[in-house]
Structures are given as structure tokens and as C-alpha cells.
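**Q** Given the structure of chain A, go ahead and fit chain B onto it with the hints provided.
These protein sequence lines are chains A and B, in that order.
With the numbering used here, the residue at position 94 of the first sequence is 94, and numbering never jumps.
With the numbering used here, the residue at position 4 of the second sequence is 4, and numbering never jumps.
Treat the hints with caution; some may be incorrect.
Distance windows between CB atoms, simulated [claimed, not checked]:
no., chain 1, residue 1, chain 2, residue 2, range
1, B, N52, A, F10, 38 to 44 Å
2, A, K57, B, L71, 28 to 34 Å
3, B, E15, A, I54, 20 to 26 Å
4, B, H75, A, D73, 37 to 43 Å
From chain A, some residues computed to sit far from chain B (all C-beta separations above 12 Å) [to be verified]:
no., residue
5, P8
6, I12
7, K14
8, I15
9, K44
10, T71
11, L80
12, T86
13, Q106
14, L110
Calculated cross-link-like contacts (lysine-lysine; reagent style PhoX-like; alpha-carbon spacing at most 20 Å) [said to hold, decoys possible]:
no., chain 1, residue 1, chain 2, residue 2
15, A, K57, B, K3
16, B, K99, A, K57
17, B, K68, B, K3
18, A, K44, B, K41
19, A, K9, B, K41
20, B, K3, A, K44
21, A, K44, A, K57
22, B, K99, B, K3
23, A, K9, A, K44
24, B, K56, B, K68
25, B, K99, A, K44
If you're looking for bench data, these hints aren't it; they were derived computationally from the structure.
Glycine included, each C-beta is placed from N, C-alpha and C at the ideal position.
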Amino acid sequence: NAGVTQTPKFRILKIGQSMTLQCTQDMNHNYMYWYRQDPGMGLKLIYYSVGAGITDKGEVPNGYNVSRSTTEDFPLRLELAAPSQTSVYFCASSFQGTNTEAFFGQGTRLTVV
Amino acid sequence: ELKVEQNPLFLSMQEGKNYTIYCNYSTTSDRLYWYRQDPGKSLESLFVLLSNGAVKQEGRLMASLDTKARLSTLHITAAVHDLSATYFCAVVSIQGAQKLVFGQGTRLTINP
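Chain A extracted, bound-state conformation:
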């Protein structure tokens, strides 16, 4: 049982480049989330989705986009990378939103130089 899988694990981007962080889950969870974790800090919600075709902004959505075409996949897109987006990104999923525990992926460590 793979759970929540994120790729890549590490990436270095140059300022202005674009990339997509991939996230897939095999637990048939309706809810999926993207968080970022800055050094020594807690997690901040970027975007979330309550089901295929439905997405909404979290606390820090600027500079990011998401889509949810299937239940399994929830990619996060960075269009014009900036140094402020250097962070560790976590994807998570849960069955019934915040009434049930969220399962987290292993994280993607992104550095923008």
C-alpha cells in the first residue's frame, strides 16, 4: 500500500523557471492538500481539493496553481519560480476532510536559486 507518493524528492530551480510537483494517492481519499514548510516553522496550506474537479485556495496560494482531474492525482504547478518559494512541500490526503486524519507524502525539497 503506497499511500501518498510525491515526486520528485529534491529539485533545484533557477529563478523564473517552471515546474510541477506530482502527488498521487491510492487510498481513494476525496480530500487532498498541498502544504509548504519553511525551516523551523509549521506547515502552511497552499491549496486543497475536496474532490475531482474542485479546488480552493489555502493560506498562501500566490505563485502556485493546482488541478484535480482525477481522485488520485493532485499536481502543484509553480509558473515563475522565486527564491521565496524555496521550501519543503508536502502533499496530504484524507477521507473526510478534517474529521479524519491526513496522511502525508514524503515531501519535495525545492530550492530556487
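**A** This is chain B only, laid out in the frame that chain A set:
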């Protein structure tokens, strides 16, 4: 806006001692989660607290929730080195039902 504060942020303790991590939050909520994170790793769910007065225990860890005081505690009994990690509390924001708001985390180091 929901704010979540943990204290202490750093805690160094000896094996065999007891200690408590506190999680305070600013607005009404009745659901709270505790997570553990090892260095360079993902978050692992420890406890889900879903009502006032809820108490959950797993091994040397015990978590409780007082929704009236807007306070949760994570108590460590007779600490062992394997419990060294960063612990996060996360509170459900009732203004945005799908949102967890995380505390800053408590970095716990347990020395032999």
C-alpha cells in the same frame, strides 16, 4: 483568524524525565491533531482529539484537549531517546472546514 501557538519551541531533556508540550489556539475549535516529524522526514499522525475532554494515550505519550481553555497538551512520561523528534499540533479551523492550522512545532531532544 485562527492562530496556533506551541510552547516550548525547543526542549532538551534527559531520559526518564517527564514533560509537557502545550498547544494554545485563538478561536473556537473542537478538533485537534498531534503529529510527529523526524528530521528530513514526513509527518506521522499521533493523535486525533475530537471533543472536549478527550484524552488519548499511546505508549509514553498522552494527549488531551480542553476546548473551553483552547488548550491541548502532549505529555511525555519517562522519556526515551527514540521520542526525539519535532511535534506539531494542528487545529481545525471552523471558518474553513477543510483547513488545518499548524503550530510552529516543538523540537524535542532526549539525551541519554
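**Q** So, for every hint listed, does it hold in this structure?
**A** Going through the hints against the structure:
1. B:N52 x A:F10: 38 to 44 Å: Since B:N52 and A:F10 have Cβ atoms about 43 Å apart, the given range 38 to 44 Å holds.
2. A:K57 x B:L71: 28 to 34 Å: Given range 28 to 34 Å: holds, Cβ gap about 29 Å.
3. B:E15 x A:I54: 20 to 26 Å: Between B:E15 and A:I54, where Cβ atoms are some 48 Å apart, the hint is violated.
4. B:H75 x A:D73: 37 to 43 Å: The hinted range 37 to 43 Å holds for B:H75 and A:D73, with Cβ atoms some 40 Å apart.
5. P8: 15 Å, holds
6. I12: 17 Å, holds
7. K14: Nearest chain B Cβ is 24 Å from A:K14, so the label holds.
8. I15: Holds, because the least Cβ-Cβ distance between A:I15 and chain B comes to about 25 Å, which exceeds 12 Å.
9. K44: 7 Å, violated
10. T71: Holds, because the least Cβ-Cβ distance between A:T71 and chain B comes to about 16 Å, which exceeds 12 Å.
11. L80: 26 Å, holds
12. T86: Check passes; 16 Å lies beyond 12 Å.
13. Q106: Violated: least Cβ distance 5 Å, not greater than 12 Å.
14. L110: 14 Å, holds
15. A:K57 x B:K3: 18 Å, holds
16. B:K99 x A:K57: 10 Å, holds
17. B:K68 x B:K3: Holds, because 16 Å separates the two Cα atoms, which is no more than 20 Å.
18. A:K44 x B:K41: 17 Å, holds
19. A:K9 x B:K41: OK: A:K9 and B:K41 at ~11 Å, within 20 Å.
20. B:K3 x A:K44: Holds: B:K3 and A:K44 sit about 12 Å apart, inside 20 Å.
21. A:K44 x A:K57: Roughly 11 Å separates the two Cα atoms, so the pair holds.
22. B:K99 x B:K3: Between B:K99 and B:K3 the Cα gap is close to 12 Å, so the pair holds against 20 Å.
23. A:K9 x A:K44: Holds: A:K9 and A:K44 sit about 19 Å apart, inside 20 Å.
24. B:K56 x B:K68: At roughly 18 Å apart (the allowed maximum being 20 Å), B:K68 and B:K56 satisfy the hint.
25. B:K99 x A:K44: 10 Å, holds
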